[in-house]
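A.B. asks: Residue-level listing of the chains:
Number of protein chains: 2
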Amino acid sequence: MKNTLLVPELRELIETGQIDALRAFCEDVHPATAAEMIGALSPSESWSALRHLDPLVRSDIFSHLEDETQTEMLSILSRKDAADILADMPPDDRADLFKLLPEERREDILPALAQAEREDIRRLASYEEGTAGSVMTSDYVMLPLELTAQQAIDRLREVAPDRETIYTAYIVDAKRRVQGFVSLKDLIVARRDARVGDIMHTDVICARVQDDQEDAARKIQKYDLLALPVVDAGDALVGIITHDDALDIITQEQTEDIEKLMAIAGAHEAGAYVKTSAWAHFKSRAVWLVILAFFGLISGFIVQSFEGLLQQFAILAVFMPMLADTGGNTGSQSATLVVRALALKEIGSSDIMRILWKELRVSLLLGLLLAVVAFGRVMAFGGGSSVPEGVALGTIGFAIALALGLQVVTSTLIGALLPLGAARLKLDPALVASPALTTVVDITGLLIFFSTAKFFVGL
Amino acid sequence: MKNTLLVPELRELIETGQIDALRAFCEDVHPATAAEMIGALSPSESWSALRHLDPLVRSDIFSHLEDETQTEMLSILSRKDAADILADMPPDDRADLFKLLPEERREDILPALAQAEREDIRRLASYEEGTAGSVMTSDYVMLPLELTAQQAIDRLREVAPDRETIYTAYIVDAKRRVQGFVSLKDLIVARRDARVGDIMHTDVICARVQDDQEDAARKIQKYDLLALPVVDAGDALVGIITHDDALDIITQEQTEDIEKLMAIAGAHEAGAYVKTSAWAHFKSRAVWLVILAFFGLISGFIVQSFEGLLQQFAILAVFMPMLADTGGNTGSQSATLVVRALALKEIGSSDIMRILWKELRVSLLLGLLLAVVAFGRVMAFGGGSSVPEGVALGTIGFAIALALGLQVVTSTLIGALLPLGAARLKLDPALVASPALTTVVDITGLLIFFSTAKFFVGL
Chain G
0 MKNTLLVPEL RELIETGQID ALRAFCEDVH PATAAEMIGA LSPSESWSAL
50 RHLDPLVRSD IFSHLEDETQ TEMLSILSRK DAADILADMP PDDRADLFKL
100 LPEERREDIL PALAQAERED IRRLASYEEG TAGSVMTSDY VMLPLELTAQ
150 QAIDRLREVA PDRETIYTAY IVDAKRRVQG FVSLKDLIVA RRDARVGDIM
200 HTDVICARVQ DDQEDAARKI QKYDLLALPV VDAGDALVGI ITHDDALDII
250 TQEQTEDIEK LMAIAGAHEA GAYVKTSAWA HFKSRAVWLV ILAFFGLISG
300 FIVQSFEGLL QQFAILAVFM PMLADTGGNT GSQSATLVVR ALALKEIGSS
350 DIMRILWKEL RVSLLLGLLL AVVAFGRVMA FGGGSSVPEG VALGTIGFAI
400 ALALGLQVVT STLIGALLPL GAARLKLDPA LVASPALTTV VDITGLLIFF
450 STAKFFVGL
Chain H
0 MKNTLLVPEL RELIETGQID ALRAFCEDVH PATAAEMIGA LSPSESWSAL
50 RHLDPLVRSD IFSHLEDETQ TEMLSILSRK DAADILADMP PDDRADLFKL
100 LPEERREDIL PALAQAERED IRRLASYEEG TAGSVMTSDY VMLPLELTAQ
150 QAIDRLREVA PDRETIYTAY IVDAKRRVQG FVSLKDLIVA RRDARVGDIM
200 HTDVICARVQ DDQEDAARKI QKYDLLALPV VDAGDALVGI ITHDDALDII
250 TQEQTEDIEK LMAIAGAHEA GAYVKTSAWA HFKSRAVWLV ILAFFGLISG
300 FIVQSFEGLL QQFAILAVFM PMLADTGGNT GSQSATLVVR ALALKEIGSS
350 DIMRILWKEL RVSLLLGLLL AVVAFGRVMA FGGGSSVPEG VALGTIGFAI
400 ALALGLQVVT STLIGALLPL GAARLKLDPA LVASPALTTV VDITGLLIFF
450 STAKFFVGL
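For the record, the sequence lines run as chains G and H.
To convert, note that position 355 of the first sequence is 354 in numbering that gives the first Met the number 0; the numbers rise steadily by one, no gaps.
To convert, note that position 101 of the second sequence is 100 in numbering that gives the first Met the number 0; the numbers rise steadily by one, no gaps.
Next comes chain G alone, as it looks inside the complex:
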């Protein structure tokens, strides 16, 4: 987010070279707030404001700028200035930014960084997007078993300025395997001469580098953690994911799920609506719409094959929209509940029978209710439609009501089954929800509708 409120004032401070006032402004507010204000300036103006700040404050504010602003600013900086900023950034944010830079710029900046930082960036940037490895930071604290609580606190004090959190410290063995952890609270409360090895907690919850980032975030949520240690294939500690990352991951995954429910393809990034171009929006939405429109052909063929019936009973066309909408709505409702319950791990794909049984009961109630509504509608307003002689309006009303009831039951069950099936096949359940589902239940709905009608009017 950018905040343009103070842009004129900031510009004036920069142009008149009031460095002290600029510094006071940036250091008195939260870095996220400073980033909103500074991000509203041009890249060169932003740098004029940031360059005079204390390096730690500067990197903190810089980390809070939007991705685009970060890359734009880096592109106008000298190699040294760019390397200075990167050196002080949190390792996870730094690796993320690095991945966004053009190849040549990366090659240009890397040699200006210290070797440890180069390796850290290369390592963190190597994990696949969406994994726990790709969101972890390497700024964690390790403590030896044999320290006393007081010595441990002294150690934490020393490393505090460089570390993202000193509230949880890990105890590892020679192969960096996590033996336990202590919180700063444990250390403060313990006797000063208590050994870290004696007060550490050994019930360590951790994630593996290749785990899904959402699963890692859900662990932080479930166990109320400040930080979750991440280990590699050899069980060695390689990073931590912090509580604030968990909030961002869950928000991002949520945006993804909602967009998949609505069949919007492509990269799902939080905060993307405004900065995504119309053409990119078009591409991400068009793919599925065209696929679905092709599936819509099947609905068309079904209607076409019942054209004779439709011409005799135009009243059927009157109820086609209600049938299609109701099927789509009931199917989407059950699909949404199942997708959400799967995402929150309330249910697994093995609970199929239990879920179908519940959805069956719900759908019978809904089907009955809507059938009554439809029957009432036919009897009250159906008189205006042309019905061939010899066929009672009640017969048609009953056929339509029955078809609608059947449609509600089948689309509710299909709505529950599609995401469960996708989960079984290790696909994302959200992908088969809403629009895809609407298209499927349209097809089943039209078949049910015309077959029932044909059966009752005896054609």
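Derived by calculation from the structure, the hints in this document are not laboratory data.
Worth double-checking, as some hints may not be accurate.
Identical copies go unnamed one by one, so any copy, or any two together, can satisfy a pair.
[Said to hold, decoys possible] Derived pair list, reagent style SDA-like, types lysine to any residue, alpha-carbon separation capped at 25 angstroms: (1) Lys344 x Leu4; (2) Lys453 x Val372; (3) Lys221 x Ser133; (4) Lys453 x Ala313; (5) Lys1 x Ser348; (6) Lys218 x Ala421; (7) Lys425 x Gly129; (8) Lys184 x Gly196; (9) Lys357 x Glu255; (10) Lys79 x Pro110; (11) Lys218 x Cys205; (12) Lys357 x Ala277; (13) Lys221 x Thr130; (14) Lys184 x Asp161; (15) Lys282 x Leu4; (16) Lys218 x Glu255; (17) Lys218 x Thr68; (18) Lys98 x Glu388.
Assemble chain H onto chain G, guided by the hints.
C.D. replies: Chain H in isolation, oriented as in the chain G frame:
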């Protein structure tokens, strides 16, 4: 969640009275894990397992049980045991549980609690659901200005066992107005004789008791906070919301948003799918379905008024499902993007013109693409349908393609406008999305479709 894996082993430990083994089991694992195992037992068995534990561990595990298990267990306990458990629970969880108890049980337990706890429960339970006040806890730490860093650390050590977090402490004036805060990290890093008043941060971010809980959680996310102070109408500090609460709030709000998008009414509680009865599911889904079905009547009347046209051009009925689905899909996509961008505060309702302009460009591209698909469909497969003599298939194809293109543009714009309008009227934008939208664009779509067709075939 319940974990039945160890139920037989736990039962045996309880039946054979192996208290030490039970205690070791419950104290060695994370309280959330212990709660999953113990929650799978019957209420009286759970109590047999919990009663022998250290009161703090017991309350910690108890707080992690599901709401239902908590209320069931409390209902079989003596007044004294119930009061003992409540006394050691985190104040926010305790107030939430209290609200779930039947009136008479509350009246029964309250007198057994100390006065401070009674008042704390009454106060926390008094805030309206969904507000920052309803999710805050009263377990925070305040420090006087004049303490030194070392004295402050000593103070934190003393109160640590009773407090949810000692990592952030607040400095308040005589009227409890927040003057600043210090983190335990600040205190550890500071010189021992530094005054709290000199090292405290004065850029305090806080929420008001009546603020929306999601806004409060988003502040914790934006500013990477461990805890957010909550103040009352007189600016006095009355509670804090912690980082783990923020995760739960955001998960709950997201479930709510998704369910509203799919028109599922009622209380939106995380973790509810499995424990909600079929009848309750029926009620929460039926309301909107019936309302939407009534709106479907309008679509029916439109079709009815064009029955003559439909009987002559049965090919129009063939394209009705595709028209309705595409309108619903494109409208839902733009509505979803706008609802999400509003929820994440990327855009406000005042950005209407900017959003409409973007959606207009996107929809023109989508409309053109889908019109071409529809025209191709008519020319390729339309020959099988009955078309009156004197009307060229190409004319009908053009009319259908144009109608579909117009439908895409209008439904995309309506999809963006409805949630923006709702936000303007201070309603929840998610309420007017998906199913409600589908019904609206069905009506506009049918009007566009038949009017365009009528115009082109010159009837």
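A.B. asks: With identical chains, the pair Lys1 and Ser348 could be close in the same copy or across copies; at 25 angstroms between alpha carbons, which is it: within, between, both, or neither?
C.D. replies: between (43 angstroms within a copy, 17 angstroms between copies)
A.B. asks: Which holds for Lys357 with Ala277 at a C-alpha limit of 25 angstroms: within a copy, between copies, both or neither?
C.D. replies: Between copies, since 6 angstroms is at most 25 angstroms while 43 angstroms is not.
A.B. asks: Please work out whether the CA atoms of Lys344 and Leu4 approach to 25 angstroms or closer within one copy, between two copies, in both situations, or in neither?
C.D. replies: Between. Shortest inter-copy distance 17 angstroms satisfies the 25 angstroms Cα cut-off; intra-copy 43 angstroms does not.
A.B. asks: First find the shortest C-alpha distance between Lys425 and Gly129 inside one copy, then the shortest across copies, and answer within, between, both or neither for a cut-off of 25 angstroms.
C.D. replies: For Lys425 and Gly129, only the intra-copy Cα distance (16 angstroms) is at most 25 angstroms; the inter-copy one is 35 angstroms.
A.B. asks: With identical chains treated as interchangeable, where does the CA-CA distance between Lys218 and Thr68 reach 25 angstroms or less: within a copy, between copies, both, or neither?
C.D. replies: Intra 32 angstroms, inter 22 angstroms, cutoff 25 angstroms: inter-copy only.
A.B. asks: Which holds for Lys184 with Gly196 at a C-alpha limit of 25 angstroms: within a copy, between copies, both or neither?
C.D. replies: Both. Shortest intra-copy (15 angstroms) and inter-copy (22 angstroms) distances satisfy the 25 angstroms Cα cut-off.
A.B. asks: For Lys218 vs Cys205, is the C-alpha pair at or below 25 angstroms within one copy, between two copies, both, or neither?
C.D. replies: Within. Shortest intra-copy distance 8 angstroms satisfies the 25 angstroms Cα cut-off; inter-copy 27 angstroms does not.
A.B. asks: Check Lys218 against Ala421 for me: Cα-Cα at most 25 angstroms, and say if that holds within a copy, between copies, both or neither.
C.D. replies: within (23 angstroms within a copy, 36 angstroms between copies)
A.B. asks: Checking Lys453 and Val372: alpha-carbon separation at most 25 angstroms within a copy, between copies, both or neither?
C.D. replies: Only inside one copy: Lys453 and Val372 sit 21 angstroms apart there, 31 angstroms across copies, limit 25 angstroms.
A.B. asks: For Lys221 and Thr130, with the copy left unspecified, which applies at a CA distance of at most 25 angstroms: within, between, both, or neither?
C.D. replies: Both. Shortest intra-copy (19 angstroms) and inter-copy (22 angstroms) distances satisfy the 25 angstroms Cα cut-off.
A.B. asks: For the identical chains here, do Lys357 and Glu255 meet the 25 angstroms Cα criterion within one copy, between copies, both, or neither?
C.D. replies: between (28 angstroms within a copy, 21 angstroms between copies)
A.B. asks: From the Cα coordinates, with 25 angstroms as the cut-off, is the pair Lys98 and Glu388 best called within, between, both, or neither?
C.D. replies: neither (73 angstroms within a copy, 63 angstroms between copies)
Violation of the numbered hints given earlier is confined to hints 15 and 18; the remaining hints are satisfied by the structure.
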